[in-house]
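Peer 1: Chains D and Y supply the protein sequences, listed in that same order.
Each residue of the first sequence is one higher than the one before, starting from 1 at the first, in this note's numbering.
Each residue of the second sequence is one higher than the one before, starting from 1 at the first, in this note's numbering.
What the hints contain is simulated information worked out from the structure, not anything from laboratory work.
These numbers were taken from a predicted model, which means no experiment stands behind them.
Each residue gets a CB set at the ideal place from its N, CA and C atoms; glycine is no exception.
Check before you lean on any hint, since a few could be wrong.
If we take Cβ atoms under 10 Å as the criterion, some of the chain D residues that face chain Y in the derived model are [said to hold, decoys possible]:
1. M223
2. D247
3. A299
4. I303
5. A487
6. I488
7. G489
Chain by chain, the residues run as shown.
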Amino acid sequence: MANIDTTTDAGGRGAGQNALGGDNYLTHGRGLKSWLFTLDHKRIGLMYLVVILSSFLLGGIFAMLIRTKLLSPGNSALMDANTYNQMFTLHGAVMIFLFIIPGIPAALGNFVLPLLLGAKDVAFPRINLLSFYLWVTGALIALGSIVTGAVDTGWTFYTPYSTTTNTNVIAMVAGVFVLGFSSIFTGLNFVVSIHKLRPQGMTWFRMPLFLWGIYGTAILQIMATPVLGITLLLLIAERALGIGIFDPALGGDPILFQHFFWFYSHPAVYIMILPAMGIISELVSVFSRKHIFGYTFIAYSSIAIAVLSFLVWGHHMFVSGQSLLAGMIFSFLTFMVAIPSAVKVFNWLATMYKGSIWLATPMLYVLSFLFLFGIGGLTGLFLGALAVNVHLHDTYFVVAHFHYVMFGGTVIAFLGGLHYWWPKMFGRMYNELWGRVGALLVFVGFNTTFFTQFVMGSQGAPRRSYHYVSQFQPYHVLSTIGAYTLAIGLVIVAVNLAHSLFRGRPAPANPWGGATLEWQTSSPPPHDNFPTTPVAGDPYDVEAWTYDGRIGGFVKKAPAGQPAAS
Amino acid sequence: MTGAHPEHLAHHFDTAEQQFESGKLGMWIFLATEILLFGGLFCAYAVYRSIHPEIFVYAHRFLDKALGAINTAVLICSSFTMAWAVRCAQLGRQRALVRLLVATIALAACFLGIKYIEYQHKWKEGLLWGKYFRAKLEQPAGPPTARPTPAPTPAFNPDERSLIPPAAEGPGGLAKRGPEPLLASSPGPPKDVQVFFAVYFTMTGLHGIHVIAGMIVLALMLVRATKGEFGPTYFTPVDLAGLYWHLVDLIWIFLFPLLYLIR
């Protein structure tokens, strides 16, 4: 059993519960250099969290500018049409490459993975720090393009426009190339950690499902990102050296770029969603106070998604001139890849059935996720149907679809995970009421913003368009109102979390009653993660933990016949 | 590998064995990413060769098979010296390890030297990629006469041309650029010969960058080996560098026939 010292301290809390006043990873070593040169995965995870949330803010600012412009259908004093192209390119590139792809694995995964394994660190701590600095370098190079000629190609960089536009494509693309290596090394680190650092008794099928999600993600990061790497190198070579591989005048083929690009970028979207699904698996069990349902199915579905995701890239190219046979095959495979995701959703719902639902803030995000990801996933199927795709391609329907899965899926799960692990990371509880208000406002604002876009898109409103016909203006206005609501909700979330750092109640070791190993050390954890190496048990045995009002958290139930641990 | 020298055992590993196996797994995964990186270029090769086989059959004759074969032998030898070096590290034979690392680096430098000669010839003849292609293609140009190791030029056999179907029409909008057939009656060189050289230079160029990177890594191993850091209890970096080097060799072994030995 875990060695939590349950004698009380002067504050009435069990000693070993909260380590804010004492030695923990935040206080172990002081000064800027101890952070910049740290090898501690928890500190690296925190640094990632800071830069990733900053990227989310930057991408969000671009989004708000776009939505504000779109209040009116004609020319706007806010920005001209060229600037608008730059805005949506930057919004996409920043959100995708700086925020959402590193997102959960780097910011939360880095912190939590070794703790879930009962380990002291990831397999390669120095490569972990290198990954972080590669992120910073890539971000600086990419963002440097903003001042030297912000790219206006869309985040997809399609040729021939990307090879001929006079904006600084090379800087943006070089930055993304470096970011790709950050992603590859993170994936490499996680795969080796999961293979080699599992403790005694933690077989593959006794691992927390978040690790299965991270593992599937890491496989994709390792296998898919290099293809993006070579694609971007070829794009740079095309612009800088006139290689001619995508230029028909030189014997090349611009559609080849699309194939190469989407061969990475489709698996990339599963890099975005798999860790999010892993988080949901953890949260849904803990906040239903019930063992996860269908562990094996959920675990295998992560691998199935990872494998199938490589086979569907052509569904981004149904109208690019590929053959009907190719279109049919890709459409069929796209329908197949939805199945493992659906398997997960059903298992989560089954977990909730007859559970004791606890509507804490993380659970509100779980419920949001189930609804929003459900819509996002189903609309993906509409887009995957060949005949329907001809009408919906490049309309707002696509925009709404991917925002439902990326934001309604990944970001919502990220926020849920952030609220779940926040007490562990910082030793503080946030205000629960404001947490719920934020979650609710985010949900309402998000749906207002993007459901409107499904309707607009199905009526033919094209995406990436500065001007639009006036019949769509009511939709755009409603969508922008939703965007502002969403922004306010996110501000509330941010302020609530930030405020907790200064005024939050000190957190116990296990505020939520989770059965995974990270809850068996103090909040925040010590530098070496565990006072003594924990013994791995069933990661979903939540019913073995009981709430103790004196410490405001959960403790292990005593074996039968003895009084509960005090 | 139990009971390892405590200095090399990182605090987050329980045993040296776990650390060594983790390192190996990590390096194999990295090699997989390299294969996928080159995979994109092999895919481009496959695409262009399948839709324009005549370009590849025609243009590959500008490559010097003999130099390519020598380079292949050079890299295979360097893999041999590398593998032997790893064995010496395992056996604690430091002097041999140092000499073999030097030999591997020297062979790599030889490879790069021959590649430089080849590139220089292409540059002089204008046999470059995409928009820089400037060669005159009335006859397929033979390799230059002044070279350190002259090799016989393959004789131009007009009959070989007859095996190729006539060049298909290029994609719509194709600008008339590059060399044109001199006589209407003779088949002449195919259109877009520069595509071959785009593929050739990107593939061998990326490979060359990896050779240089490998030389740097091996030089670092050499420095550490001369300081006596490697022995039977700890030779992991040499082992992992060896794995990387073997992959660099393996990629060339695929590049050589695909680019030089087209039939």
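Peer 1: Compare the structure with each hint and give your call.
Peer 2: Hint check:
Checking M223 (chain D) against chain Y: minimum C-beta separation of about 6 Å stays under 10 Å; hint holds. Hint on D247 (chain D) holds. Least Cβ distance to chain Y is approximately 7 Å, under the 10 Å limit. Restraint check, A299 (chain D) versus chain Y: the minimum CB separation of about 21 Å is more than 10 Å; hint violated. Interface hint at I303 (chain D): violated, since its Cβ lies 16 Å from the closest Cβ of chain Y, which is beyond the 10 Å cut-off.
Because the closest C-beta pair between A487 (chain D) and chain Y is about 38 Å apart, greater than 10 Å, the hint is violated. Proximity of I488 (chain D) to chain Y is violated relative to the hint, the smallest CB-CB distance being about 42 Å (cut-off 10 Å). Because the closest C-beta pair between G489 (chain D) and chain Y is about 39 Å apart, greater than 10 Å, the hint is violated.
In summary, the structure is inconsistent with hints 3, 4, 5, 6 and 7 from the numbered list given earlier, while agreeing with the others.
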